[in-house]
Amino acid sequence: MHETNFPILSIIIFFPIIGILLIAFTERKDGYLQKWIAFWTTLIDFIISLPLFFAFKNVADFQFVEKVNWIPSLGISYHVGVDGISLLLVLLTTFLCPICIAACWKDIQDKVKEFLIAFLFLEVSMIGVFCALDLFLFYIFWELMLVPMFLLILVWGAPARRVYASVKFFLYTMAGSMMMLVGILVLYFYHGKVTGDYTFDLLKMFQLKLPFRYEFWLFLAFGIAFAIKVPMFPFHTWLPDAHTEAPTIGSVILAGVLLKMGTYGFVRFNLSLFPHATMYFMEFMGILAVIGIIYGAFMCLVQKDLKRLIAYSSVSHLGFVMLGVFALNVQGLTGGMIQMINHGLSTGALFLLVGMIYERRHTRLIAEFGGLAKCLPLYATFFMIVTLSSIGLPGLNGFIGEFLIMLGAFKAKWWLGVLAASGVILAAWYMLWMYQRVMFGKVVHEVNLKLKDLVAREVWILVPLIIFIVWIGVHPNTFLSKMEPSIKNIVSKYEKIKISEGNTKINILKNLKGERS
Amino acid sequence: MKYVWLIVFFPFLGFLINGFLSKFFNKKVVAFIAASAIGLAFLCGLVTLVKLLAYPPEARSIEITFYSWIKAGGFNIEAGFLIDPLTMVMVLVVSGVSFLIHIYAGEYMEEDPGYVRFFVYLNLFVSMMLTLVMANNFLLMFVGWEGVGLCSYLLIGFWFEKDSASNAGKKAFIVNRIGDFGFLIAMFIIATTFHTLNFKVVFEKAPQMFQVGSGLITAATLLLFVGATGKSAQIPLYVWLPDAMEGPTPVSALIHAATMVTAGVYMMARCSVLYALAPFSLGVVAVIGCLTAVYAASMALVQVDMKRVLAYSTISQIGYMVLGCGVGAFAAGIFHLMTHAFFKALLFLCAGSVSHALAGELDIRKMGNLHKKMPITHITFLSATLAISGIIPFAGFFSKDEVLFETFMSHHNVLYILGLIGALMTAFYMFRLYFIAFRGESHVEPELEKHIHEPSWRMALPLCVLGVLSLIGGWIQLPFFHNLKILGGFLSPVFHHAHEISKMEEASVSVWLEGALMTLSLIVAGLGILIAYKFYIKNPELPKRLGEKFAGLYKLLFNKYYVDEIYQMVVVKPLYNLSEILSIAVDQAVIDGSVNGTGRSLMGVGGVLRRTTTGYVQFYGLVMFLGAVILLLWNLF
Numbered sequence: 013m014h015e016t017n018f019p020i021l022s023i024i025i026f027f028p029i030i031g032i033l034l035i036a037f038t039e040r041k042d043g044y045l046q047k048w049i050a051f052w053t054t055l056i057d058f059i060i061s062l063p064l065f066f067a068f069k070n071v072a073d074f075q076f077v078e079k080v081n082w083i084p085s086l087g088i089s090y091h092v093g094v095d096g097i098s099l100l101l102v103l104l105t106t107f108l109c110p111i112c113i114a115a116c117w118k119d120i121q122d123k124v125k126e127f128l129i130a131f132l133f134l135e136v137s138m139i140g141v142f143c144a145l146d147l148f149l150f151y152i153f154w155e156l157m158l159v160p161m162f163l164l165i166l167v168w169g170a171p172a173r174r175v176y177a178s179v180k181f182f183l184y185t186m187a188g189s190m191m192m193l194v195g196i197l198v199l200y201f202y203h204g205k206v207t208g209d210y211t212f213d214l215l216k217m218f219q220l221k222l223p224f225r226y227e228f229w230l231f232l233a234f235g236i237a238f239a240i241k242v243p244m245f246p247f248h249t250w251l252p253d254a255h256t257e258a259p260t261i262g263s264v265i266l267a268g269v270l271l272k273m274g275t276y277g278f279v280r281f282n283l284s285l286f287p288h289a290t291m292y293f294m295e296f297m298g299i300l301a302v303i304g305i306i307y308g309a310f311m312c313l314v315q316k317d318l319k320r321l322i323a324y325s326s327v328s329h330l331g332f333v334m335l336g337v338f339a340l341n342v343q344g345l346t347g348g349m350i351q352m353i354n355h356g357l358s359t360g361a362l363f364l365l366v367g368m369i370y371e372r373r374h375t376r377l378i379a380e381f382g383g384l385a386k387c388l389p390l391y392a393t394f395f396m397i398v399t400l401s402s403i404g405l406p407g408l409n410g411f412i413g414e415f416l417i418m419l420g421a422f423k424a425k426w427w428l429g430v431l432a433a434s435g436v437i438l439a440a441w442y443m444l445w446m447y448q449r450v451m452f453g454k455v456v457h458e459v460n461l462k463l464k465d466l467v468a469r470e471v472w473i474l475v476p477l478i479i480f481i482v483w484i485g486v487h488p489n490t491f492l493s494k495m496e497p498s499i500k501n502i503v504s505k506y507e508k509i510k511i512s513e514g515n516t517k518i519n520i521l522k523n524l525k526g527e528r529s
Numbered sequence: 164m165k166y167v168w169l170i171v172f173f174p175f176l177g178f179l180i181n182g183f184l185s186k187f188f189n190k191k192v193v194a195f196i197a198a199s200a201i202g203l204a205f206l207c208g209l210v211t212l213v214k215l216l217a218y219p220p221e222a223r224s225i226e227i228t229f230y231s232w233i234k235a236g237g238f239n240i241e242a243g244f245l246i247d248p249l250t251m252v253m254v255l256v257v258s259g260v261s262f263l264i265h266i267y268a269g270e271y272m273e274e275d276p277g278y279v280r281f282f283v284y285l286n287l288f289v290s291m292m293l294t295l296v297m298a299n300n301f302l303l304m305f306v307g308w309e310g311v312g313l314c315s316y317l318l319i320g321f322w323f324e325k326d327s328a329s330n331a332g333k334k335a336f337i338v339n340r341i342g343d344f345g346f347l348i349a350m351f352i353i354a355t356t357f358h359t360l361n362f363k364v365v366f367e368k369a370p371q372m373f374q375v376g377s378g379l380i381t382a383a384t385l386l387l388f389v390g391a392t393g394k395s396a397q398i399p400l401y402v403w404l405p406d407a408m409e410g411p412t413p414v415s416a417l418i419h420a421a422t423m424v425t426a427g428v429y430m431m432a433r434c435s436v437l438y439a440l441a442p443f444s445l446g447v448v449a450v451i452g453c454l455t456a457v458y459a460a461s462m463a464l465v466q467v468d469m470k471r472v473l474a475y476s477t478i479s480q481i482g483y484m485v486l487g488c489g490v491g492a493f494a495a496g497i498f499h500l501m502t503h504a505f506f507k508a509l510l511f512l513c514a515g516s517v518s519h520a521l522a523g524e525l526d527i528r529k530m531g532n533l534h535k536k537m538p539i540t541h542i543t544f545l546s547a548t549l550a551i552s553g554i555i556p557f558a559g560f561f562s563k564d565e566v567l568f569e570t571f572m573s574h575h576n577v578l579y580i581l582g583l584i585g586a587l588m589t590a591f592y593m594f595r596l597y598f599i600a601f602r603g604e605s606h607v608e609p610e611l612e613k614h615i616h617e618p619s620w621r622m623a624l625p626l627c628v629l630g631v632l633s634l635i636g637g638w639i640q641l642p643f644f645h646n647l648k649i650l651g652g653f654l655s656p657v658f659h660h661a662h663e664i665s666k667m668e669e670a671s672v673s674v675w676l677e678g679a680l681m682t683l684s685l686i687v688a689g690l691g692i693l694i695a696y697k698f699y700i701k702n703p704e705l706p707k708r709l710g711e712k713f714a715g716l717y718k719l720l721f722n723k724y725y726v727d728e729i730y731q732m733v734v735v736k737p738l739y740n741l742s743e744i745l746s747i748a749v750d751q752a753v754i755d756g757s758v759n760g761t762g763r764s765l766m767g768v769g770g771v772l773r774r775t776t777t778g779y780v781q782f783y784g785l786v787m788f789l790g791a792v793i794l795l796l797w798n799l800f
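Chains as they are written, first to last, in this note's numbering: chain W, 13 to 529; chain D, 164 to 800.
The hints are simulated quantities; they were obtained by calculation from the structure and are not laboratory data.
All C-beta atoms, glycine included, are put in the ideal place defined by N, C-alpha and C.
Check before you lean on any hint, since a few could be wrong.
Said to hold, decoys possible - Lysine-lysine pairs mimicking BS3-like chemistry, simulated, CA-CA at most 27 Å apart: (1) W:Lys-508 to W:Lys-425; (2) D:Lys-234 to W:Lys-508; (3) W:Lys-386 to D:Lys-190; (4) D:Lys-234 to W:Lys-425; (5) D:Lys-368 to W:Lys-423.
As the list claims (entries may be wrong) - Far from chain W, some chain D residues (derived; all Cβ distances over 12 Å): (6) Lys-165; (7) Val-213; (8) Trp-232; (9) Tyr-316; (10) Val-450; (11) Val-607; (12) Val-628.
As the list claims (entries may be wrong) - Coverage of chain D stretches by chain W, computed from C-beta distances (three or more under 8 Å per stretch; other residues unrestricted): (13) 233-246; (14) 295-307; (15) 337-343; (16) 659-666; (17) 731-744.
Work out the full structure: start from the sequences and follow the hints.
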């Protein structure tokens, strides 16, 4: 464990509070002052978070750890730290936040103060989720995050169906969270009973050896919460609604960061706490993931709304992530982890692009466009690059993730890899078809002729994303090397289980029966 | 040798310069930058060739690695280039032909508003194509493989306002993706078996680890071949290539005739060791290649669009290259690839020159008797037509004959006969094209007739260079004399292992047999020309009568056996309908239905929530947060 005296993680997590306070005490007016405050807050937060990357040592341990007793009587502590699994997700969050603020410059004109406060609040809780090493703390951040996101959709969403969408989002997620809460409490009491130490400390939980029966049910309790968040088939229907109704940056954050909490949760909790149950569910989860990939792609084909299409493509892409995670080998997990980042970048960029055209045309229906490449060449170019990243063109980021995931899956269960690869064909189909209908052909609607191409602000929102899209595609090792030790650490656990138990499945089934009787 | 990266770098630099800085240049500068980027690549290729020749033949395989690209556990991809004779042949053909086409396009695209965009894509294409042929591992090759696919997509759909063009581009990309699916899975098999994707290591280990006929290698090679059928437009994935003619003509010449579409042949030649280990795969390759050669030629017989005829002819000619690989004569396949690059690029450029003169007209029924007004185009077109028809001493004769000869020698008698039939059809449809367009009576509209002109030197020069190459390009591999097979000798170290595995000896063939087969090829080609002459010069009414007599067959050929329609009906439509059904039945009815059941009862609650929260975000958030903060403080003090 690398303890540092300087509480860098706490500063990163809570820095947006300063922005919240400043904004709260400013006068309303046109809202640009508040936007500048929010922008600088998030940008400085990103800059503060950069040293994390450079000071991070390529080892499996948690780093920049801070631990303060919070409620000692209950074994609750304020315990944060990052490892190879969470480091990049923290950075992705701090990276996307200033971009989001810049993207809402013109979009949000109503209740600006409240909007920005909610957003900054969201940032606090998101970073908190990725850093928390105490189950109680994790749960608090997890639930806190729900509130501002719910409000973003409800208050600033598209008027028509925002109530439906936000309530759907809230209920779906709450249902999962409840299960997780029960799971956390079970872990807590079991740990207390066995070791005499009643604690929520995650690192201590990692040492715990659970009977298979416990693992089995706890896997499900945590797993359903995370599967809803990912979202995995068949828990995905909240996503298209939430995305469609949310304001642009709500979608960006939702796709870019919030969905990753589900996949992150699987890696951090399910894989690390319940290894035997994970092995047991491996194939099942792999199948669900592949269904998600193919099913999501099919859904994309028939969507008429750009945002809904991208939302369903997220279902497909997150299916890839889950497939990689449950391949339970180094390639699969590495691919899954980098694909989380990739999806945040490219889908985030796609939502930003759709938002930009929505600001101009106040519609997202594909049929309303056509021939935009003629009037908006710069916009079309950015859209093309991001589309290619999304369909996994080699040389850009998406390919690295997808290739490693499919390779990992192929190693684990060859037919899963083969089925997943068919998703690559479908992705090209739905994305290029969408692109064609929006960008190519003749301009059918006169209004589109008057559209203005991207302004400097919009270009500068997209350029940072494009830089990383290319960077990860050309030199992914910059990022892969950071996660490798942590991933190897997880995988080695599974290799040990495989060796020690020989034919795992049979043994597990025996265990299950033996313990029940 | 360290500087070989420059070969890829120059075109890429051209892409970057024109892509980002073009607003500072006028058209001439843009074209100059684009063409000189390729020219420099070609020069670097020549220097590399000279350096490679300094090594003894066995040592002519040099790997240069640059950096560790993807590393995950034991799986590590070192990005780098592999320089060997096969690579060099490809590099020189690609960069050389590209250079000529760049010069040509500088003039051809003059009037187009997308001038800069065109050269940006074109340079990107060349750098990707060179990456493909120089890669030292499967994955980097795949980067080039998909990269050229992307450029092809962008360039086919270059005139994106035309629906037919953007459709064709999309079709090309998606059909190629189906092939890539095979390529990807082959890579998974190779990666999990050999724990690497590096060419040298894989090809060294494969013969040690596997017997001839091993199931794993057979699967991998068949899947690689699926990739090749996509990129090289073979049965059943050829359907995208005819539509690809929607792109500007220089693109058709460069991408869809000379370079990209032959990538599949190159890939199989590169993997010759693996194919040699899988005789079953080789059989499949040979059969598919031969069938494609005949099948595509049959469709070319009746097409009336000049570029479409050439497109089917390309599919057919690649079929011969694939056949060559399939019978284990990889060098013959590569030889035909090279000569084909010359004469087919030339044919397309001539088509471009004709359409340039006729204000974009490509329908051969509206041409005729062009030879007088366009002497340069005419003579070069004739040179290429003789080459593709296989008339001695033009380039195509030597290469096609070698493929057929090797087919005969490997006892594939049926394939040999089919190959000859294909050759007959080739000579026929090419001379049909020639006679209708350049000879006979003029059917050009009188308005246009006056404006028919030869292009300026920038377009004429590439025609002439390629015209000469179509004549002499085959002379580096002459039959009968062993030491005159320069290309074969140069390539032999690359295919040495494959030949060892399949025990292909340099069979000493009697000169008489070789001579007899050669004469047979010539007779067949001559027959094709003669029939074309009868049909279109002597008796121009004959084809029409025949068409009426065999109306069914004619319609079948003219409509390309209705394969596009069948694919649409059997694959595309059902998948789309399935999506719609899933969306309505599963997503909306089953999943959302059950969710909404729960949700509807709580909708009232949502409405209440909305009223209480709107406008009080700070308050709401603050309460939540203060609670947490108070808890923390309470415990610290």
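Mind checking, does the stretch 731-744 of chain D have 3 or more residues with a CB under 8 Å from chain W? Satisfied; 5 residues make the cut.
Confirm or reject the statement that Val-628 of chain D sits farther than 12 Å, beta carbon to beta carbon, from all of chain W. Per Cβ check, Val-628 of chain D is outside 12 Å of chain W; nearest 33 Å; holds.
**Asked** Within 27 Å, alpha carbon to alpha carbon, are Lys-386 of chain W and Lys-190 of chain D?
**Response** 20 Å, holds
message = If I take the minimum Cβ distance from Val-213 of chain D to any residue of chain W, is it greater than 12 Å?
response = 31 Å, holds
| task | Establish whether the coverage given for the stretch 337-343 of chain D by chain W is satisfied; the threshold is a Cβ-Cβ distance below 8 Å, and no fewer than three residues must meet it. | result | holds (count 4)
Is the hinted pair Lys-234 of chain D and Lys-425 of chain W satisfied, with a Cα-Cα distance of at most 27 Å?
-> Answer holds: Lys-234 of chain D to Lys-425 of chain W is near 21 Å, not above 27 Å.
Notebook entry, point to check: Given the hint that Lys-368 of chain D pairs with Lys-423 of chain W, does the C-alpha gap stay at or below 27 Å?
Noted result: 20 Å, holds
Practice task
For the pair supplied as a hint, Lys-508 of chain W and Lys-425 of chain W, confirm whether the alpha-carbon distance does not exceed 27 Å.
Solution key: 19 Å, holds
Sort out whether Lys-508 of chain W lies within 27 Å of Lys-234 of chain D, counting only the CA atoms. 23 Å, holds
Distal placement of Val-607 of chain D relative to chain W, Cβ over 12 Å: The claim stands: Val-607 of chain D keeps its Cβ more than 12 Å from every Cβ of chain W (closest is about 30 Å).
Q | 8 Å C-beta test of the stretch 233-246 of chain D against chain W, three or more residues | A | As far as the stretch 233-246 of chain D goes, the hint holds, because 6 residues have Cβ atoms under 8 Å from chain W.
_Whether Tyr-316 of chain D stays farther than 12 Å from all C-beta atoms of chain W, as the label says_ = 8 Å, violated
In this structure, the earlier hints numbered 8, 9, 16 are contradicted, and the remaining ones agree with it.
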